[in-house]
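Visitor: These are the residues of each chain, in order.
2 protein chains.
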Amino acid sequence: MLYWTMGARHTAARTTGGTPPVANVVVVGGGFAGIAVGRGLANSEVRVTIVDQHNFHTFLPLLYQVATAGLDPADVAYPIRTIFGGAPNIGFRHGRVREVNHAANTVVLDDATELNYDHLVIATGATAAFFGIPGASLYAMPLYSLADARRLRNKLLLALEDADARAEQESVALTFVVVGGGPTGVETAGALAELISIALRRDGLRLDRRRVRVVLVDLADRLLTAFPPSASGYAARELRARGVEVQLARSVVEVEERAIRFADGERLETAAVIWAAGVTASGTLAQGLSVAAGPSGRARVGLQLRCEGRDNVWAVGDAAAIPSNSSAFCPQLAPVAIQSGRHCAEQILHAVRGEPLTPFSYHNKGIMATIGRRAAVAKLPQGGVIRGTLGWLAWLGLHLFYLVGFRNRLRVLINWTWRYFDWPSGPRLIVADAETAD
Amino acid sequence: MLYWTMGARHTAARTTGGTPPVANVVVVGGGFAGIAVGRGLANSEVRVTIVDQHNFHTFLPLLYQVATAGLDPADVAYPIRTIFGGAPNIGFRHGRVREVNHAANTVVLDDATELNYDHLVIATGATAAFFGIPGASLYAMPLYSLADARRLRNKLLLALEDADARAEQESVALTFVVVGGGPTGVETAGALAELISIALRRDGLRLDRRRVRVVLVDLADRLLTAFPPSASGYAARELRARGVEVQLARSVVEVEERAIRFADGERLETAAVIWAAGVTASGTLAQGLSVAAGPSGRARVGLQLRCEGRDNVWAVGDAAAIPSNSSAFCPQLAPVAIQSGRHCAEQILHAVRGEPLTPFSYHNKGIMATIGRRAAVAKLPQGGVIRGTLGWLAWLGLHLFYLVGFRNRLRVLINWTWRYFDWPSGPRLIVADAETAD
Numbered sequence: 007m008l009y010w011t012m013g014a015r016h017t018a019a020r021t022t023g024g025t026p027p028v029a030n031v032v033v034v035g036g037g038f039a040g041i042a043v044g045r046g047l048a049n050s051e052v053r054v055t056i057v058d059q060h061n062f063h064t065f066l067p068l069l070y071q072v073a074t075a076g077l078d079p080a081d082v083a084y085p086i087r088t089i090f091g092g093a094p095n096i097g098f099r100h101g102r103v104r105e106v107n108h109a110a111n112t113v114v115l116d117d118a119t120e121l122n123y124d125h126l127v128i129a130t131g132a133t134a135a136f137f138g139i140p141g142a143s144l145y146a147m148p149l150y151s152l153a154d155a156r157r158l159r160n161k162l163l164l165a166l167e168d169a170d171a172r173a174e175q176e177s178v179a180l181t182f183v184v185v186g187g188g189p190t191g192v193e194t195a196g197a198l199a200e201l202i203s204i205a206l207r208r209d210g211l212r213l214d215r216r217r218v219r220v221v222l223v224d225l226a227d228r229l230l231t232a233f234p235p236s237a238s239g240y241a242a243r244e245l246r247a248r249g250v251e252v253q254l255a256r257s258v259v260e261v262e263e264r265a266i267r268f269a270d271g272e273r274l275e276t277a278a279v280i281w282a283a284g285v286t287a288s289g290t291l292a293q294g295l296s297v298a299a300g301p302s303g304r305a306r307v308g309l310q311l312r313c314e315g316r317d318n319v320w321a322v323g324d325a326a327a328i329p330s331n332s333s334a335f336c337p338q339l340a341p342v343a344i345q346s347g348r349h350c351a352e353q354i355l356h357a358v359r360g361e362p363l364t365p366f367s368y369h370n371k372g373i374m375a376t377i378g379r380r381a382a383v384a385k386l387p388q389g390g391v392i393r394g395t396l397g398w399l400a401w402l403g404l405h406l407f408y409l410v411g412f413r414n415r416l417r418v419l420i421n422w423t424w425r426y427f428d429w430p431s432g433p434r435l436i437v438a439d440a441e442t443a444d
Numbered sequence: 007m008l009y010w011t012m013g014a015r016h017t018a019a020r021t022t023g024g025t026p027p028v029a030n031v032v033v034v035g036g037g038f039a040g041i042a043v044g045r046g047l048a049n050s051e052v053r054v055t056i057v058d059q060h061n062f063h064t065f066l067p068l069l070y071q072v073a074t075a076g077l078d079p080a081d082v083a084y085p086i087r088t089i090f091g092g093a094p095n096i097g098f099r100h101g102r103v104r105e106v107n108h109a110a111n112t113v114v115l116d117d118a119t120e121l122n123y124d125h126l127v128i129a130t131g132a133t134a135a136f137f138g139i140p141g142a143s144l145y146a147m148p149l150y151s152l153a154d155a156r157r158l159r160n161k162l163l164l165a166l167e168d169a170d171a172r173a174e175q176e177s178v179a180l181t182f183v184v185v186g187g188g189p190t191g192v193e194t195a196g197a198l199a200e201l202i203s204i205a206l207r208r209d210g211l212r213l214d215r216r217r218v219r220v221v222l223v224d225l226a227d228r229l230l231t232a233f234p235p236s237a238s239g240y241a242a243r244e245l246r247a248r249g250v251e252v253q254l255a256r257s258v259v260e261v262e263e264r265a266i267r268f269a270d271g272e273r274l275e276t277a278a279v280i281w282a283a284g285v286t287a288s289g290t291l292a293q294g295l296s297v298a299a300g301p302s303g304r305a306r307v308g309l310q311l312r313c314e315g316r317d318n319v320w321a322v323g324d325a326a327a328i329p330s331n332s333s334a335f336c337p338q339l340a341p342v343a344i345q346s347g348r349h350c351a352e353q354i355l356h357a358v359r360g361e362p363l364t365p366f367s368y369h370n371k372g373i374m375a376t377i378g379r380r381a382a383v384a385k386l387p388q389g390g391v392i393r394g395t396l397g398w399l400a401w402l403g404l405h406l407f408y409l410v411g412f413r414n415r416l417r418v419l420i421n422w423t424w425r426y427f428d429w430p431s432g433p434r435l436i437v438a439d440a441e442t443a444d
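So the protein lines, in turn, are chains A and B. Just remember that our numbering sits 6 ahead of the position in the first sequence, which is counted from 1. Just remember that our numbering sits 6 ahead of the position in the second sequence, which is counted from 1.
Treat the hints loosely; a few may be bogus.
Covered by chain A, per the in silico footprint, the following chain B stretches (three or more residues, Cβ under 8 Å) [stated by the list, open to error]: (1) 80-87; (2) 164-174; (3) 246-258.
Restraint ranges, calculated between C-beta atoms of paired labels, are given here [as the list claims (entries may be wrong)]: (4) Gly372/A to Thr423/B: 34 to 42 Å; (5) Arg104/A to Ser296/B: 20 to 28 Å; (6) Ser203/B to Gly372/A: 38 to 46 Å; (7) Phe407/A to Arg172/B: 37 to 45 Å; (8) Leu396/B to Phe412/A: 29 to 37 Å; (9) Ser203/B to Pro27/A: 44 to 52 Å.
Since the hints were derived computationally from the structure, they do not count as laboratory data. Note that beta-carbon positions come from the ideal geometry of N, C-alpha and C, so glycine has one too.
Could you put together the complete structure from these sequences and hints?
Guide: Here is the structure:
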């Protein structure tokens, strides 16, 4: 069964007058966690409004492929209204939350309208953490929204075009730096190396492949620290075989517009710095939403996922610091977001129905990272590692499975098939450029 | 045979030293005309550089479907480098032309680099003509680039979201006005009416369909004046059946930010004014390129497609005022662009080889416009008209046939199939919004 698709279409009319008052649930954020809350409450007795600044849900795990021109933006996005088209009790509101008035139980949007809630769910996700490194927030490019991915794609493709134009006169060197050796950094570096190979081979750019560098740096002495060391070694070897320079135990001290500085004094000129170094909870969560903040600005919740000191305010996914029995808090991963969202929906129904709440417990399903064609690693819940072609096929299958909408799955499959067989084209379009000044 | 795809891949090395000097051809513009020139010169003895401000070719006839969320931007765009990936003598240069130095035979790009040419081809296309109507260039939205289409799509979808949000409190009316009853206006109005129906039915917007108006206005007393009157009547009936208000013999005197004014004094409040009223040659053609300008700013050319008074400067497609035997000048249509581009390539080879030039003559293949599902009209070269399902199927087939790249054809087919059967989703994404300020 596919997780995100809705069940049979319900055409029941909206609940109106004559019936007991309906509880209003406002969910802020339409990512994995927010959608899971909506899914859990679909066709129930509560009325749900999902608020998001975008009218679509973004499949973040494949964003790096949009950035490296392997997928189109529309392949990884799905309109939120359409996800819940079959559920008459789920509404969508396009907008940003300006503040929460806990005393009045209202959310104020940026167009000054107010939404009343009986239960509020904070599912605002995470954004890049820059750890106060000078210049990082200004010049490094994170990958946490479709707009980020489009911007990065344009920057990468424009850098290649610009280098090609300069190659008319001179020998050109071009360096891209990826900061962060976790799954996002490893995946982005691998895909970027692949994009460069394709662009040079198929598009006839006048660049010397050996002078176009992709450098992956991390503070730790191995990649993928959440995986066993054997997986780290495998990932480093596979990346190097694809032309990525892996530099470990290197500390970034400053990012400039066209360069990056390391603690050992080296200054490397770069065409782009891609930031995959870590996440923090989105925006000014603690201030704007007036809930207690924990590590990385995440909302502190109890085991029932309620924010500390609040009866009817819940937090889920990356935005929440969820207690865990194996470590201090649950990791900021898609499975945690989906599971906590689903659990939160159940708790809200318990609360509305006057039933006792139950504690959340994260069911670890393992983690994965892909390096490139036929190369991926997966860490199983029992600790075992799958790698190589088998890991890659598992990675492909799972990502297709979790993508929202059959149409998106079909299109992603087509794009992947194209890239795998190295057929011409693929979405190497510089769409936002001087023309629109975006 | 598919027109745009290249033949077998040639892997011959670039022509360098030792051989007689190679003629340089610079083609400004990668639209239908520019690509046809490149295609005609591929694998010949000249060296070609296509210059475009975008790294992709845009299939303009389907732009209105991107604007009305029927297709994705990437469906109608194809990287120019990839089109010519198999031809070693065709290069691409990403940039804009700042000026032409005819005395030195150089083109100056906006990054100040100069390209030498032996032959220069102006294939800069057309943009919207606003006829000096106050406010039109400021507030009306044309449809001549992928960026235009994305902007319009965002505006349309945001207007629907905004109306839905206001519908919480009040009864909301929403009007969209399409100016121009030619093929672009008819197609856009029909597709917009379809988008609204789908959005209301599938996305559960709280709007009254009868209060969401699509108004198509034209100065003439019938639609599609290039077609016989029977086609005009058919188009008007089909549009009205789809909920479009067709208002003829109406003259627009001003466009405001949220309204449009007519000569009869009426002022209509609008969420968007879509401008499909006509075209003029792109940019400051006559000034920047220093060639004689004819009607609508088009470059005046002789029957050999050479610019007046120039031996080695040619103009093709929408940017050229090409003499015609049936009327004063050839119409600004895709087939004229393709045929004139192909002819120009032949003439350049004649000139390089010292052979006599031959005059261009436009081979009329008819014109088409689609109104919606199973409703289109085609005017055959002999003057006959095909309409209804047959016309629609012909329209679908031809557009798929002329789209560049098999991958794009496959994706467009998927998107069309989705929309035809009214399956959920489709690319109704508001991608560029407040987040990127674009």
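Visitor: Hints first: check each against the structure and report whether it holds.
Guide: Now for the hints, and whether the structure bears them out:
1. Check result for the segment 80-87 of chain B against chain A: holds, 5 residues qualifying (beta carbon to beta carbon below 8 Å, three or more required).
2. Counting residues of the segment 164-174 of chain B whose C-beta sits closer than 8 Å to any C-beta of chain A gives 6, which meets the bar of three, so the coverage hint holds.
3. Coverage of a stretch by a chain is defined here by at least three residues with a beta carbon nearer than 8 Å to that chain's beta carbons; for the segment 246-258 of chain B and chain A the count is 0, and the condition is violated.
4. Taken as a hint, the range 34 to 42 Å holds for the pair Gly372/A and Thr423/B, whose Cβ atoms sit roughly 36 Å apart.
5. A beta carbon spacing of about 54 Å between Arg104/A and Ser296/B contradicts the range 20 to 28 Å that was offered as a hint.
6. The hint said 38 to 46 Å for the Cβ distance between Ser203/B and Gly372/A, and at roughly 44 Å that hint holds.
7. In this structure the supplied range 37 to 45 Å holds for Phe407/A paired with Arg172/B, their Cβ-Cβ distance being about 39 Å.
8. At roughly 31 Å, the beta carbons of Leu396/B and Phe412/A sit within the given window of 29 to 37 Å.
9. A hinted range of 44 to 52 Å for the beta carbons of Ser203/B and Pro27/A is inconsistent with their spacing of about 34 Å.
When held up to the earlier numbered hints, the structure conflicts with 3, 5, 9 and fits the remainder.
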